[in-house]
Amino acid sequence: MVSHVTSIVSLFALLLGLAECAKCPYAKFTPQHSFCKAPNPKCTILERGLQPADKQRLVDLHNMYREKVASGNETQAGKLPTATNMYEMVWDDELASIAQKWAEQCIYDHDCDECRQVEQILKLDKIFTEQGSSNQPTKHDWDRMVKKLVRRGLYVR
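According to mature numbering (1 follows the signal peptide of the UniProt record, and there is no 0), the stretch in the sequence shown is residues -21 to -1, 1 to 136, in order.
Since the hints were derived computationally from the structure, they do not count as laboratory data.
There may be inaccurate statements among the hints.
Said to hold, decoys possible - Think about it this way: if two alpha-carbon atoms lie no more than 30 Å apart in a straight line, the pair counts; the simulated BS3-like pairs of lysine-lysine are:
1. Lys126 - Lys7
2. Lys47 - Lys34
3. Lys47 - Lys21
4. Lys34 - Lys21
5. Lys34 - Lys127
6. Lys127 - Lys2
7. Lys47 - Lys126
8. Lys127 - Lys21
9. Lys126 - Lys2
10. Lys127 - Lys58
11. Lys58 - Lys47
12. Lys58 - Lys2
13. Lys16 - Lys47
Unchecked claim - Cβ pair distances, simulated, as ranges:
14. Pro60 - Lys2: 17 to 27 Å
15. Glu46 - Gln11: 32 to 42 Å
16. Tyr66 - Pro31: 14 to 24 Å
17. Thr54 - Ala17: 13 to 23 Å
18. Pro4 - Gly57: 40 to 50 Å
19. Ile86 - Gly28: 10 to 20 Å
All residues carry an ideal CB built from backbone N, CA and C; glycine is no exception.
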């Protein structure tokens, strides 16, 4: 009898553990977390993720503009003060995965603040969205996109 009860308790614990593992790891921040959402069935996904060269190009471009602002050499928005502690940005696969899941919703708006939350970073923001109407993957013009993002950011104060 004790063996039978132990087996039932063990099975229950195993099933409970499996159910817990199946949950989205980001649901602890909010059940609406972007990573926890299934792709929108009305959204046609042509590509997922970026190639390593594209990731590097985005980081390099972003850091180039950040350096320009940090050193006081950015003139498009007037004379901006120099930055004393502006770090270089690096690619983060965890954040990229969350951004991809949000992109698969095909909602051209911001998600909630908690919807992007991760353990190591307290505040994240979605910084760029671009919408298109082609049903074929296109080559991304990262230079144009980052420049557009920077211009928008320079004039938002």
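Going through the hints against the structure:
1. Pair hint Lys126 plus Lys7 does not hold up; C-alpha atoms about 36 Å apart against a cutoff of 30 Å.
2. The straight-line distance between the Cα atoms of Lys47 and Lys34 is roughly 20 Å, inside the 30 Å bound, and the hint therefore holds.
3. Under the criterion of a C-alpha separation no larger than 30 Å, the hint pairing Lys47 with Lys21 is inconsistent with the structure, at around 41 Å.
4. Note on Lys34 and Lys21: the hinted pairing holds, with a Cα-Cα distance of about 27 Å set against a maximum of 30 Å.
5. Taken as a hint, the Lys34 and Lys127 pair is honoured in the structure, with Cα atoms around 17 Å apart against an allowance of 30 Å.
6. Pair hint Lys127 plus Lys2 does not hold up; C-alpha atoms about 38 Å apart against a cutoff of 30 Å.
7. This hinted pair checks out: Lys47 and Lys126 have alpha carbons roughly 12 Å apart, not beyond 30 Å.
8. Of the supplied pair hints, the one linking Lys127 and Lys21 holds, its CA atoms being roughly 28 Å apart against a limit of 30 Å.
9. Restraint check for Lys126 and Lys2: not satisfied, since their Cα atoms lie roughly 39 Å apart, outside the 30 Å limit.
10. Proximity of Lys127 to Lys58 is assessed by CA-CA distance (about 19 Å); at most 30 Å being required, the pair is judged to hold.
11. Between Lys58 and Lys47, the direct Cα distance comes to roughly 12 Å. Compliance with the 30 Å bound is thereby established for this hinted pair.
12. Straight-line distance between C-alpha atoms of Lys58 and Lys2 comes to about 49 Å, which puts the hinted pair past the 30 Å bound.
13. Restraint check: the Cα-Cα separation between Lys16 and Lys47 comes to about 37 Å, which exceeds 30 Å; the hinted pair is violated.
14. Taking the beta carbon of each, Pro60 and Lys2 are about 46 Å apart, not inside 17 to 27 Å as hinted.
15. For the pair Glu46 and Gln11, the beta carbons lie near 36 Å from each other, so the given range of 32 to 42 Å is met.
16. Taken as a hint, the range 14 to 24 Å holds for the pair Tyr66 and Pro31, whose Cβ atoms sit roughly 22 Å apart.
17. The hint said 13 to 23 Å for the Cβ distance between Thr54 and Ala17, and at roughly 46 Å that hint is violated.
18. Separation of Pro4 from Gly57 is about 44 Å and conforms to the stated range, judged on CB atoms against 40 to 50 Å.
19. The hint said 10 to 20 Å for the Cβ distance between Ile86 and Gly28, and at roughly 19 Å that hint holds.
In the structure shown, a violation is registered for the earlier hints numbered 1, 3, 6, 9, 12, 13, 14 and 17, in ascending order.
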